[in-house]
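Colleague: Residues per chain are reported as follows:
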Amino acid sequence: MKRLFILLFGASLMTIGCDVHEGPPGVTNTEIIIGNVQDLSGPMKELGKLLPSGSNLYFDYVNQGGGVYGRKIRMLVEDGQYNPQKTLTAVKKLIEKDKVFCLYNVIGTSSVEAVRPLLEEAGIPLVAPATQSGTMSDMSRQGARYIFHTDTGYDRQASILTEYALGMEDNLKIGLIYQDDDYGENVLKGIGEAETKFSISVQKESFQRGASEFTGQVMNLIKGGCTHVIIAGIVKEPIIIMKTASRMGYFPQFLGISPTMDHRVALAAGAAGEGFISVNFAQLWNSNYDVPNLYRELCQKAGIPEKMMGMYHYYGFSTAMVLVEGLKRAGKMLTRNKLISGLESLKNWDGAGIQQITYNRNDHSGAEAVMLIQVNSGVQVPISGWLK
Amino acid sequence: MNTLITDLSQEIVSGIALGSIYALIALGFILIFKATEVVNFAQGELMMVGAYVNFFIIQRFTGDMNVPTGWYFLMGLIGSILFAIVFGWFLDLVINRPMRDEPVFSIIMATISMGIMLRALVSMVAGTESLVPLSPFGDAHFKIIGVIISMLDLIIIIGTVVLVSAFYYFFNKTRWGIVMQATSEDPIAAQLMGVPVKRVYSLVWIFAAIVAAISGVLLSPRASLIDTNMGLLGLKAFPAAVLGGFGSIPGAIIGGIILGVIETVSMGTLSFHFHWVKEINDIIVWIVLIAVLMIRPNGIMGMEKIKKV
Amino acid sequence: MIKGRYEDEDLKWIPFLIGLVFLIPFALKGMTFSYKYYLYILNIMGIYIILTVGLDLLSGYTGLISLGHAAFMAIGAYSSAILVDQVGLPFILSLIVSPIIAGFFGFIIGFPALRVSGMYLGLTTMGFGFIIRRLIIAMREWTQGSGGLVVSAPEIFGFTIKGDWANYYLVWTLALLVIVAARRIVKSKIGRAFMAIRDSEQAAQASGINLAKYKMLSFFISGILAGLAGTLMAHTNHFISTDHFDSMLSIYFIIMVLVGGAGTIYGAVIGTVFIVLLDNIFVPKLESLLHVMISIKSGELESFVFGLIMFLSIIFQPTGLYGLWLKIRIYWKLFPFNPKKRFT
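Residue numbers (the working numbering), protein chains in the order written: chain B, 1 to 388; chain V, 1 to 309; chain P, 1 to 344.
Calculated directly from the structure, the hints in this document are not laboratory data.
Even for Gly, the Cβ is constructed at its ideal location relative to N, Cα and C.
Honestly, I wouldn't trust all of these hints.
[Stated by the list, open to error] Derived Cβ-Cβ restraints for the label pairs, each shown as a range:
#1 V:P103 <-> P:F282: 24 to 30 Å
#2 P:A206 <-> V:P103: 19 to 25 Å
#3 V:R60 <-> B:S140: 51 to 57 Å
#4 B:T227 <-> V:M151: 27 to 33 Å
#5 B:G66 <-> P:K285: 29 to 35 Å
#6 P:L308 <-> B:E193: 46 to 52 Å
#7 P:S288 <-> V:F142: 54 to 60 Å
#8 P:L286 <-> V:A291: 42 to 48 Å
#9 P:L286 <-> B:D60: 49 to 55 Å
#10 B:A271 <-> V:H275: 31 to 37 Å
#11 B:D60 <-> P:L93: 52 to 58 Å
#12 V:T3 <-> P:I92: 58 to 64 Å
[As the list claims (entries may be wrong)] Under the rule of at most 27 Å between Cα atoms (straight-line distance), these lysine-lysine pairs were calculated in the BS3-like manner:
#13 B:K328 <-> B:K347
#14 B:K72 <-> P:K285
#15 B:K173 <-> V:K278
[Unchecked claim] Calculated Cβ distances over 10 Å to all of chain B for the following chain P residues:
#16 K36
#17 Y40
#18 L93
#19 V97
#20 I108
#21 G158
#22 Y169
#23 L170
#24 Q202
#25 I315
#26 F335
Turn these sequences into a full structure, and let the hints guide you.
Modeller: Below you can see the structure in the form of structure tokens.
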């Protein structure tokens, strides 16, 4: 018994190996491995299928052309279930076990916040986190130097939207109905800024994530006499809110933050959703510009079903383009630091079908403008140019 | 003052509709519990399955995105009920038989795991995208004494009342119903009296599945999007069932409605006048539940169960 | 006679196991470059073990159902994060104070426990879990609401404990202490009182056991342990958020206790080890295997397999993995005298 013990002890001591590094992890002469964490089985599992599919659509296209400096891109997708702890574990696995070169499109605001220490520890960049929270580009937070945001933050959206609403007519009262979580908190920040800037006060109603009952909140908005209502929800909430309001004979001008741009809102809200204005921070996937056209062409070639094509799928596609541009600019001798400096060299770059993207050492927010989309006779049409 | 009353009435009416859905789900719980002492934590998932089945049946006949007419809706309803009958029978086989003598704890966990599996299965089969169900009643609504109520809500309330009354009548006035009550109180004595206990259990699960399917069908248009997380509403129905007294059928309606109304009013008028209420909107149901349990540990209409040593 | 055999504990295995636990990181480092990932998984496992041991004391030994136990973990985590980062309490003190705060909340939930029982208690604890979560979000100034909180690394006597390697030793030292302490509680008068309450409240009362006192004690102890787990989680993960401590997590913990075998302490340990490994290592391997054959969206498969294992283990092996282990051991000991009946 004792001997066995000593033997094992000795054996394990002898196996203390040493780490050998050759170049950055995840990069070989033929391949670049990137890590993605999506929600594959949790509350946002829809996106878990659409986003990586869109990204892979572009990666396949690039790989067919020989890849970036001869290296093909391979994306690994882990399941974070939209849960910060699970995402942490998944990112840990990608960094330590799969040794990915960089992280990409990790979804969930609090999930990304959770992995900041890991980014700092490993010195690994995270490109295009899949969330529009303004906190992504907050340079005062840990690991900010490694995160590159490609979307206009919720706070900016809220602030621009308020400004736009104020410009619509005089004598109005703005109301806000928001989801009480980190999404809503970021929106509140933007609203707060607008309130100070324009010396107005916005009536605020909140609801819990996943709620499907809004009678109370809508009635409060009526009581408050709001003429313009900003909805900070996702898809289900704007639909039900607008329908509830319409049933009560309440027809304010509804405006929505980016997630409400989903075409299903117009579809399911029907007549109640007529005139709804929502915020978009990228080009419409079905518009007539270079990148959307390329997108649709590739979708057709790859046989992507029509059901899948849309805002989210396009999001995966266009953010992939940003990543690839960064990889290209990093040069043939690819290291993580060179990816970072490659991305930081982007200035008013419009090649990803989003909007003009700019990064520099102190600013990783990328996109700052929004475009407004309105539902006219059931169809979404842009009604403004790029607003800052 | 006048507007306050109209507002409150509006919220109460809306709360009653919401509460009816809770009541239906709670009814499913209570049915199973009354007969078999099993607490079915997967009742919400059963509802979700019913909603999905209904959606697919309707979709087959009306194509994508077309508003189903009354007939198709009825067909969908009947289809889901038929499916529920089979499914309920299957569930009884799988859960009830093996779990008969296990402690309460294990039964709860078994039904929870069943719920997890159902959710995963439905995702695998039906895909992960949320579906958009369309209400056959469209946006029709009435205005009665200043309070607006939608056709859909009205149907939900009426449907619930009808169902609950039907079950109440069944359990208390018909032969089979009394037999089932007897079985729940003392299965051994019942068996000795010649009651086919196993068949009674199957029937109960079938009933619960039917109730779940109907609540799923009614909830879909109201929720505007169907996805596999619908079952989580089932969790909220628990306090409703307990509030009303876990062995009592009329208790389910009372509990459900009380909770529905409390929730809606707290989100509305209460939040408007007292801002801090916003913080507790989603847990007010649980607070009420715990408070009630403290005063009446068996619910409002529940009966004290004397435990024999 | 046979009962004595079930209680048989080979105490001489324990130093060996402890030694093994301390050597594992070295072995891992030698075996693979990704050792940090595996250490991380082991750390989570150790933290969860501290909690599930407490949960076993509450549910397995005292028979009180708790469907909201993750809430106590959250209380411990947030208390420690706030005390250390905002109030400036040294980590060592927080390691003692935060669990006590959580235990205190356990005490609070103990009150309703005296009035309700069985499934009603389960619902009460579930509601409690939701309420605590909301409470944490509502205290926005300290907790950053639902956005989550960044937490610093533990500092003990000037040494900062950072990195998976150091975390491992911190976590597992405490875990081992907790397991030993729990076994001693179980074998003491307190443990016997717990079991008496579980088996028959009326008989226990008739024997002179103060129900109220012991039920509260049970909640208190399990609360402390959960709070300790939460504190460790906060400082080794450096980030906590209310999203993580949801009812699903509470259910996970119960699964760990049940699958391992409730009412044995070792069962809780084995169950936790099994479930954590299953979740992070076995299921992904299974998925990649299946991907070759069928293309299923991976996420659901994991949940499904999870639910299935839980379900099957409850139906076919209610005594859990530890029960299975005991059966196997007895089988060996009695060989070749193995009446078939004993092992069905």
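Colleague: Now, for every hint given, state plainly whether the structure supports it.
Modeller: Tested hints:
1. Between V:P103 and P:F282 the beta carbons are some 28 Å apart, a value that agrees with the proposed interval 24 to 30 Å.
2. Here the CB-CB span from P:A206 to V:P103 is close to 21 Å, well matched to the stated 19 to 25 Å.
3. Our hint of 51 to 57 Å for V:R60 and B:S140 holds, since their Cβ atoms are close to 55 Å apart.
4. Checked against the hint of 27 to 33 Å, the pair B:T227 and V:M151 passes, with Cβ atoms roughly 28 Å apart.
5. For the pair B:G66 and P:K285, the supplied restraint of 29 to 35 Å holds, since their beta-carbon distance comes to about 33 Å.
6. One distance hint, 46 to 52 Å for the beta-carbon pair P:L308 and B:E193, holds here, with the actual separation near 50 Å.
7. At roughly 57 Å, the beta-carbon separation of P:S288 and V:F142 lies within the given 54 to 60 Å, and the hint holds.
8. P:L286 and V:A291 have their C-beta atoms about 46 Å apart, which keeps the hinted 42 to 48 Å range intact.
9. Checked against the hint of 49 to 55 Å, the pair P:L286 and B:D60 fails, with Cβ atoms roughly 27 Å apart.
10. Distance hint check for B:A271 and V:H275: the Cβ-Cβ separation is about 33 Å, which falls inside the suggested range of 31 to 37 Å.
11. In this structure, B:D60 and P:L93 meet the distance hint of 52 to 58 Å, their C-beta atoms being roughly 56 Å apart.
12. Range check, V:T3 to P:I92: Cβ separation about 59 Å, and the 58 to 64 Å hint holds.
13. For the hint pairing B:K328 with B:K347, the CA-to-CA distance comes to about 15 Å; that is within 27 Å, so the pair holds.
14. Under the criterion of a C-alpha separation no larger than 27 Å, the hint pairing B:K72 with P:K285 is consistent with the structure, at around 25 Å.
15. The straight-line distance between the Cα atoms of B:K173 and V:K278 is roughly 21 Å, inside the 27 Å bound, and the hint therefore holds.
16. Under the 10 Å C-beta cut-off, the non-interface status given to P:K36 relative to chain B is violated; the minimum distance is some 4 Å.
17. At roughly 5 Å from the closest C-beta of chain B, the C-beta of P:Y40 falls inside 10 Å, breaking its exclusion from the interface.
18. In this structure P:L93 is separated from chain B by more than 10 Å, as the shortest Cβ-Cβ distance comes to about 23 Å.
19. Separation of P:V97 from chain B is adequate, the least Cβ-Cβ distance of about 24 Å exceeding the 10 Å criterion.
20. Annotated as non-interface, P:I108 keeps its C-beta farther than 10 Å from every C-beta of chain B; the closest such distance is 24 Å.
21. Its beta-carbon lying about 21 Å from the closest one in chain B, P:G158 satisfies the requirement of being farther than 10 Å from that chain.
22. At the 10 Å boundary, the C-beta of P:Y169 stays outside the reach of chain B, the nearest C-beta of that chain being 15 Å off.
23. Distance check for P:L170 against chain B: the nearest CB is about 16 Å away, which clears 10 Å, and the non-interface claim stands.
24. At the 10 Å boundary, the C-beta of P:Q202 stays outside the reach of chain B, the nearest C-beta of that chain being 42 Å off.
25. Interface exclusion of P:I315 from chain B stands, the closest Cβ pair being 24 Å apart, more than 10 Å.
26. With a least beta-carbon separation of about 22 Å from chain B, P:F335 lies farther than 10 Å from that chain, consistent with its non-interface assignment.
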